[in-house]
Amino acid sequence: MRYFLELSYNGKAYHGWQNQPNAISVQEALEKALSTMLKDNIEIVGAGRTDAGVHASQMFAHFDFEGQFKSEDLTYKLNSFLPKDIAIHSVFKVLPEAHARFDAISRTYHYKVSTIKNVFDYDFAYQMHLPLNIEDMNEACKILFQYKDFQCFSKSNTDVKTYNCDIKEAFWTKNENELLFIIKANRFLRNMVRAIVGTMINIGLGKLKPEDLHQIIASKDRSEAGFSVPAHGLYLVNIEYPDTIKLN
155 MRYFLELSYN
165 GKAYHGWQNQ
175 PNAISVQEAL
185 EKALSTMLKD
195 NIEIVGAGRT
205 DAGVHASQMF
215 AHFDFEGQFK
225 SEDLTYKLNS
235 FLPKDIAIHS
245 VFKVLPEAHA
255 RFDAISRTYH
265 YKVSTIKNVF
275 DYDFAYQMHL
285 PLNIEDMNEA
295 CKILFQYKDF
305 QCFSKSNTDV
315 KTYNCDIKEA
325 FWTKNENELL
335 FIIKANRFLR
345 NMVRAIVGTM
355 INIGLGKLKP
365 EDLHQIIASK
375 DRSEAGFSVP
385 AHGLYLVNIE
395 YPDTIKLN
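Each number in this note's numbering comes from the position in the sequence shown (counting from 1) with 154 added on.
Calculated from the structure, these hints are not laboratory results. Positions of the beta carbon are idealized from the N, C-alpha and C atoms, including for glycine. One or more of the hints may lead you astray.
For each label pair, taking beta carbons as the anchor points, the in silico distance ranges come out as [what the hints assert, rightly or not]:
1. Lys271 with Phe381: 16 to 24 Å
2. Asn287 with Leu249: 41 to 49 Å
3. Lys193 with Leu401: 39 to 47 Å
4. Glu365 with Asn173: 39 to 47 Å
5. Asp227 with Ala372: 52 to 60 Å
6. Asp227 with Leu334: 57 to 65 Å
7. Asn311 with Glu365: 27 to 35 Å
8. Gly221 with Ile288: 36 to 44 Å
9. Thr398 with Ser310: 15 to 23 Å
10. Phe223 with Lys374: 30 to 38 Å
11. Gln222 with Ile297: 34 to 42 Å
12. Asn311 with Lys271: 35 to 43 Å
13. Gln300 with Leu401: 39 to 47 Å
DSS-like, lysine-lysine: derived pairs with alpha carbons at most 27 Å apart [said to hold, decoys possible]:
14. Lys322 with Lys266
15. Lys238 with Lys266
16. Lys296 with Lys238
Please model the complete structure; the sequences and the hints are all you need to start from.
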């Protein structure tokens, strides 16, 4: 049988999602816990590969197992075994061919920017104390919908077949002393969200105009876009799948 895990994690202590030869990853911690609980060598496949320091309030992964277990019992045991910065929310059966990465319809990320010095938030939001023009930043967001190729926001030397992404939502909101960037797409390139946010901040600071985004995207050149904001303000918050992949 194939199973999906729904989980969340605080990425501060991890070198990203994917297994690394000399650093702890979220994938490694989960595989160790599952292998221990199920007394088998369990390998998992995640819905994406978040970078070092990035958080997830909703992440999915799949694994295969031939034995029997109660989903509620396994969820409880995993949460008892795993470190405090990884939480399992559910384990459920899916179709044998269901794939956590390739079957995802969309992914949504949030990026948090704190506009004041906040001693309780410095590990979980980017501190930016200069005034930002949110109206200009949201004008720039509208330009994103006019394009598909976002190579200019991709990390260099990334091995992908296409730089095309279908952006479905992109906007900024302000709540007291926090700015929140929300972006939803069918897929994302490596470092894409952090590069978009850095470019948007330059627009908000007046270093760029919203319409400059046309030239940046058309260039397909990472050096033309803005800086990459730190990972600790980035959160994977939602992944959508077709209802048909889940088994009762």
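Hint-by-hint comparison with the structure:
| no. | hint | verdict |
| --- | --- | --- |
| 1 | Lys271 with Phe381: 16 to 24 Å | 20 Å, holds |
| 2 | Asn287 with Leu249: 41 to 49 Å | 48 Å, holds |
| 3 | Lys193 with Leu401: 39 to 47 Å | 23 Å, violated |
| 4 | Glu365 with Asn173: 39 to 47 Å | 43 Å, holds |
| 5 | Asp227 with Ala372: 52 to 60 Å | 54 Å, holds |
| 6 | Asp227 with Leu334: 57 to 65 Å | 37 Å, violated |
| 7 | Asn311 with Glu365: 27 to 35 Å | 30 Å, holds |
| 8 | Gly221 with Ile288: 36 to 44 Å | 53 Å, violated |
| 9 | Thr398 with Ser310: 15 to 23 Å | 38 Å, violated |
| 10 | Phe223 with Lys374: 30 to 38 Å | 48 Å, violated |
| 11 | Gln222 with Ile297: 34 to 42 Å | 53 Å, violated |
| 12 | Asn311 with Lys271: 35 to 43 Å | 36 Å, holds |
| 13 | Gln300 with Leu401: 39 to 47 Å | 40 Å, holds |
| 14 | Lys322 with Lys266 | 19 Å, holds |
| 15 | Lys238 with Lys266 | 22 Å, holds |
| 16 | Lys296 with Lys238 | 39 Å, violated |
The structure fails to meet hints 3, 6, 8, 9, 10, 11 and 16 from the earlier list, while all remaining hints are met.
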